[in-house]
Each structure stands twice: as C-alpha cells, then as structure tokens.
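Visitor: Letter by letter, the chains look like this.
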Amino acid sequence: MDNTETKEHQVVFWSGNQIVAEAAIAGGCRFFAGYPITPSSEIAHVMSKRLPEVRGKFIQMEDEIAAMGAIIGASLTGERPMTATSGPGFSLKQENIGYACMIETPCVIVNVMRGGPSTGLPTALGQADVMQARWGTHGDRPVIALTPAYLEEVYSEVIRAFNLAEMLRMPVFVLIDEVLGHLSERVEIPDPSEYELIERPRPIAPPEEYVPYDSSLGDVPPIADYFTGYRWHTTGLNHDKTGFPTTDPDICQFEEERMMRKVTNHLDIIESYDEFMTEDAEIGVIAFGSTARAAMVAIADARDRGIKAGLLRPITLWPFPEEPVRKLDQHVKAIVVPEANLGQMIYEVERIAGCNGPVVGVNKVGGVPIYPGEILSKIEEVA
Amino acid sequence: MGNNNKPKLDELLVGEESAGLAEDTVDIKSSDGQTTITVHRHFCKGCEICVEVCPKDVLKMIVALDRWEGTIVEVINIDNCNACMLCEYQCPDFAIEVYNVKKEQKKKEKKAVG
Amino acid sequence: MHASYTNYLRMDHIPHMWCPGCGIGIIIKAVLRAFDALEWSADDIAFISGIGCTSRSPGYLDMHTLHTTHGRALSFATGVKFSRPDKHVVVISGDGDAAAIGGNHLIHSCRRNIDITLIIVNNYIYGMTGGQYSPTTPIGARAATSPWGNVDTPFNISELAKGAGATYVARGYVGSGVQLERLIRGGLTHKGFSVIEVLSNCHTQFGRRNRLADPIDLINSISESTVNVKKAEKMSPEELKGKYIVGLLHQDEEHPEYCEAYEQVIERAQLAR
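If you read the protein sequences in the order shown, they are chains G, W and E. For the first sequence, our numbering assigns the number 1 to the initial residue and increments by one for each residue that follows. For the second sequence, our numbering assigns the number 1001 to the initial residue and increments by one for each residue that follows. For the third sequence, our numbering assigns the number 2001 to the initial residue and increments by one for each residue that follows.
If we strip away everything but chain G, and leave its shape as in the complex, we get:
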C-alpha cells in the first residue's frame, strides 16, 4: 500500500476491497457486521481494523443471515451500517434483505460477485447476480444496485450508496466483481469537502404524534432512531402507516406501491450511467463493471477498424437505465451485451430495445474475464 500526499488529494494504491472499506468510513459508516466469504473478506479485514480506530463497531456474526439482521438492528439505532458478501452469502441474506425493504431501514450491502451458481468459483470473477439483485427476495420491493467499474468510482459510489439508503429508507446494493475487489490501482481519494453525507429524514412531530410510515408528506416517511423518545412498532408483516400488521387489501396495495415509488419517483437522483462514443454509434455495446473496461478497449479497436461502436455503461444497474438504452437503440443496428454470466442483463436490454436489430450476448462463466478481443469479434459479427 503506497500513499503519497499531494497538494489536493490523497493518492493511494489500494485494492478495490480496501477502497470499499475506506469509502464506507468516509461515507459515515461506524457499524459493520459480516461473515467471511471469498472474495469479499478483505472488506471485513479492513473494517475490523479501521472501525475501532474511529470508535466504530465491527462484529463478525455467526452466519450471513445474522450479519444482515445485525445491520438492520444497528440501523434502527441511527447507525449507517454496512455488510459485505459474495454470491452464496447474498442468497442467504435475501429474506432479511426483504425485511429491510419492508420495514424500510437504510443499510448498504456490498456483493463482491464470484463465479458460478452454488459454491462456484470463489476466487474468480462473475457477474451472475444481476437478476438476483433485482428479484432475489420473495415479493415485490424496490431495488437500487450500483455497479462501479473503476476504483475511484467504487469510492464515490459507495459513499453514494449510503446517501441513497438514508434518503430513501432502503437497502442499497453495491455490486463489484472479484476482479475489481482484488485489483489495485492508483486512486485519488476525494477530500471530505467534495461530497455531502445525507442523513435519513427524522420526525419533526413529537413522539405522541409520530406515525412511523406516514407518507402524507412524501413517499419516504421520517424514521425515528431508537432510544430518542419515540417508541414505535414495526414488523415484516404487511403493515399500515402505524407499523402494525394489516390484511386490508387496499392498504397493502397502497403501501407496497409507495415503496416502489421511492425508486421510480427518484430516478433523477438515483440513475447513473456513462457513455463512450455512443452519439454516432452504429453498434451499441452495453456492459458494466470490469467487463465494461474490456469493452472500452474493444470499442477503440473497432473504431480503428472503421466500425462505429459505442459503449453504454450502467453505473446504476438497478433501476436499469431504460431511457439511455432506448435512445441508443434508436440509431444502432445491433447491440452487444457482454457479461460474465450466461445472459442476465441482456433480458433487460431486449425488453427495452425495439426490434431494430439483433441483441446478442458475449457470455463467459469460467471465471476468466471477457477479453476485449472476444467483444470485438462479436461487434464485427453484427456490424
């Protein structure tokens, strides 16, 4: 680890996992609960060392499910908590993730994705949790999943994850793959004055008037921290605005739709994507994470060969950036979707893109990154 102080920014040479941990602390995280799982464990290692240094709390729980439960408990006391895991742990956490959505507690879950279903390829990359991030829990609930591709972006997106979680009272996912988690690169750490830490809405009404899910002023109800004089009830059962269970179909419909609106009505602050040479592109490439970095090289190579290729890179994977895809689709004759899975994001692209031309995937699941050459071949094939 090599840090040299420059005039403006601290410059470091850190791995992605370490960046995640440091960014979390910069983002106000003082509570981490986790469980060892490759390739995310280094996040826990760093948090276990750094949190006590800043008077925060780190705990290694007995399993992934407990780690998720613990951060929800901590969030209720006003903490900005985080947990980190990989695919199998992400699967285990789903019930409690749904619970966090249902009772609307802010928290951040980092998934350093690895290969394969089941135990898979623990030390190799994968991008196969795209659909799990969207649909992993039973029932309907809103989703935000951030997919940075560069370590500086990992830093800023982790801080943004905390802010989004707080603003919208919901769990937010940060999905990086094993490659990003383990590679090290030069990163300029932003000065704290360059970003804001946004806090959850807290009640202005006195305790006797507090209604935990009062949406009369907006879709995100103010949430009272435990032990501040506000005694309230909540449950994973469908509940009304008082936090008590209800089976009234109209109330259930209303509250569930309101929860979804927290995302759909705030796309302007949530959505983030990057575009490279898409304005005049004839072949569109849509990729995220480390695969997008390979795609950048492929785009440059394609342009050298006279093919007008362009890259659309979602930084918010969910909610999926529909407008940019629609716009791209209008002027390209084919779309290439490279992803380190057997086809997941491609379903969203197919759903949104018209039938102007083929939408084809480049799919590798052996744990080896997709090479620029493989993306280039596919671009040439559809050009």
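Derived from the structure by calculation, the hints contain no laboratory data. For every residue, glycine included, the Cβ atom is placed at its ideal position computed from N, Cα and C. Warning: the hint list may mix true and false statements.
The calculated SDA-like cross-link candidates involving lysine to any residue, where the alpha carbons are at most 25 Å apart (straight line), are [stated by the list, open to error]: (1) W/Lys-1029 x W/Val-1113; (2) E/Lys-2087 x G/Ser-48; (3) G/Lys-49 x G/Leu-197; (4) G/Lys-241 x G/Gly-229; (5) W/Lys-1111 x E/Tyr-2005; (6) W/Lys-1103 x E/Thr-2006; (7) W/Lys-1111 x W/Cys-1084; (8) W/Lys-1102 x W/Cys-1084; (9) W/Lys-1106 x E/Ala-2003; (10) W/Lys-1103 x E/Ala-2037; (11) W/Lys-1060 x W/Met-1085; (12) W/Lys-1107 x E/Ala-2042; (13) G/Lys-333 x G/Asn-363; (14) G/Lys-241 x E/Asn-2156; (15) G/Lys-49 x E/Thr-2006; (16) W/Lys-1107 x E/Asp-2044.
Negatives, chain W to chain E, calculated, CB over 10 Å [claimed, not checked]: (17) Glu-1023; (18) Ser-1030; (19) Asp-1032; (20) Gly-1033; (21) His-1040; (22) Glu-1052; (23) Pro-1055; (24) Lys-1056; (25) Ile-1076; (26) Asn-1080; (27) Ala-1083; (28) Leu-1086; (29) Glu-1088; (30) Gln-1090.
Footprint (simulated), chain W over chain E, 3 or more residues, beta carbon under 8 Å [what the hints assert, rightly or not]: (31) 2003 to 2010; (32) 2017 to 2023; (33) 2134 to 2146.
With chain G fixed as given, assemble chains W and E onto it according to the hints.
Guide: Using the frame of chain G, we list chains W and E on its own:
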C-alpha cells in the same frame, strides 16, 4: 377452588338480561375497604384460571353470552380475599387486578429502602 | 388499569390475540412486572421477537418493538445492543423460533455473552402454524406432523444454553408467575447473556392432540412435571426422568460481557493511532 364454581344452566344470563354486566370495568371493594378487585370484563376470555388458582373461593365463572367466550369471571366473595395476588399474576389477559392497602404500603416501603 | 406495570402496555391493542388461557399472556405479565420492579423506562427498552405466537408479544408493549424474521431475533437484537450497550435489549422467542431455525443464533449469542435477555416460551409445539412438532415436543406426543407419535428427541434448552456459554440460565413455568417474575428480573439485571426458558401451555395445538385440551389441565400437567432445582440436586437420574428442573440453574458473573470487551478493543485501537 376448582370446578365447584363452574356456571350451571339455571344461572344463564343472556343478552340484555345480563344487565349487571353492562359495565366493562367493575371495582368490587371489601367491607373493610382494604381490598379492591377490579374485573375488566371486556378482556376476560373465560379461561377460568383465576377461579382455579384462588385459594379462598372469592371468584366464580358466570355465563355471559354477550361477552367474549360466553363465560367471564365474577367476584362473589370479596371479603374472603387475602390479596395473595394469584388471580392477577396468573391471568393471561390483564382482566383482573387486586389492590390491597397493606400490600401497596409494603411495596412502597420496599422501594424506598431500595 | 390500576397496576403500574400495565403502563407498559399498548392498551389500544388489548385484548391480545392469544387463545383464552394461553400461557404467553401470563409470561408477558411477569416480564412487565419485572420491568416495573426495576423501574425501567420504556424509552430505554428494545423488545424484539421472531415469528410465532410468542413473537406477537412486542406489538402489545409500548416500547421500541421489533417483530423480525423467523428465528433471527437475536441477530437484530445484537445489532441494537452492540450499537447501544447502554440500553436494555430483551428478546422473546418460542421453542421453534429459538431452538430450530434460530438455533445457530441462540448458541452464538450464548457464546458471545452479549448483555441481552432472552425469554424462550417453550410450549412444546409450533402453535401459530397449526401444531407441528418442535425441537422440544416430548417423544410419543402427537402433533400435526407426528400423527403417529413423535420420535424426535427433544432439546433440553436450558442445558443447551448453559453448554453454549450463557452466563445466566433459568427455567420457569406458567404455573408460578411469582417465581417467574423473580427469575426474569434476575436475568434482566444480570450483565451478560441471560436465558429464561418458560414452560408454557398451548392447549389449542399441543394439548388438544394429547388429551390436555383444557388450559387448566395442561398447566397443572406442566406444573406436575417440574422439580425445583434445590430438590433436584438430591434426586437420582431415574427420579428426574421426564421432569423439568425449574429455578435458577446457572449463573456466572465473572465472564466478560461482549460489549464491554469490545470497548477495550476500541481503546487499544485509539492508543495505537
């Protein structure tokens, strides 16, 4: 104690005939004014545990078809009550409370001593 | 309501949903009497549960109440307590919730010795879901999923808690609310992980299938199965067969409590900076 105080058919009180049961909460005071048993009739589910545990035959179940399960507890012998508190402590429904002047005094003294 | 412990109730939600004669009501009352005796403020208490009939308790109490996922209450409670060690965190859970799906969190919370009080309502059955056998259903008992008689050996939950490292272990029963309040109060004031197992009556699901459909009959049967810990010390294993030992079973005041131990970690980290 026990099954001797189960309601019999001829003690049936139905609907508006159960005029004495109109109030939800009733306080029954002993003759010496020292003990009060409060029954919250709207909470009593007729489980009969209080009648069972009472060592002094203070309580009896009566039929009240306009209440909950159709039977509720009735204080029939308040002057027998020695404020053992068993009915209150063993009632699952917060339906019966016992207040005794001497016991309250003792409790206050205990708290003062710490 | 006259009794002061009823101030902890959300009276607009009473009467509660439990069956007439259900032991959970007796147990909740003992818990509230313990809070009252200790003069704890509701603003300082988090009351957390999992899923089941027992786990419906928090809704009725006017404090910070959290109804979580099946078996997982202790993990949420750990997050609350570890963030706010200065506050009181109490968990209530049924036998299925705590010892089946929640088993892992149970043993690790015991091991960690975090200052949380856990009340396990053991009514030998999964009540809410219709009377399936649980890890504490006696051998031979009939249940919705053991119509021919249960062959699953039951846990001795208190022994399990003690073996896993809990530093306060007690067993009470619904037949004696007076003893129960005392045992719970001891757990609440104990600094470390406290487990109070309470033998309780689910006459609707367990009793009905086992010729004890009347709540009083079942409560009496439970009472008759208990032996006080002092008396049990003088009894032989044969005499204790089928009996449940009640009273304070284990207490260790020496073992470091988790949050306090972590405070020392924070201090060490400060010195090293």
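Visitor: Under the constraints set out in the numbered hints, which ones does this structure not fulfil?
Guide: 1, 14, 15, 21, 22, 28, 29, 30, 33
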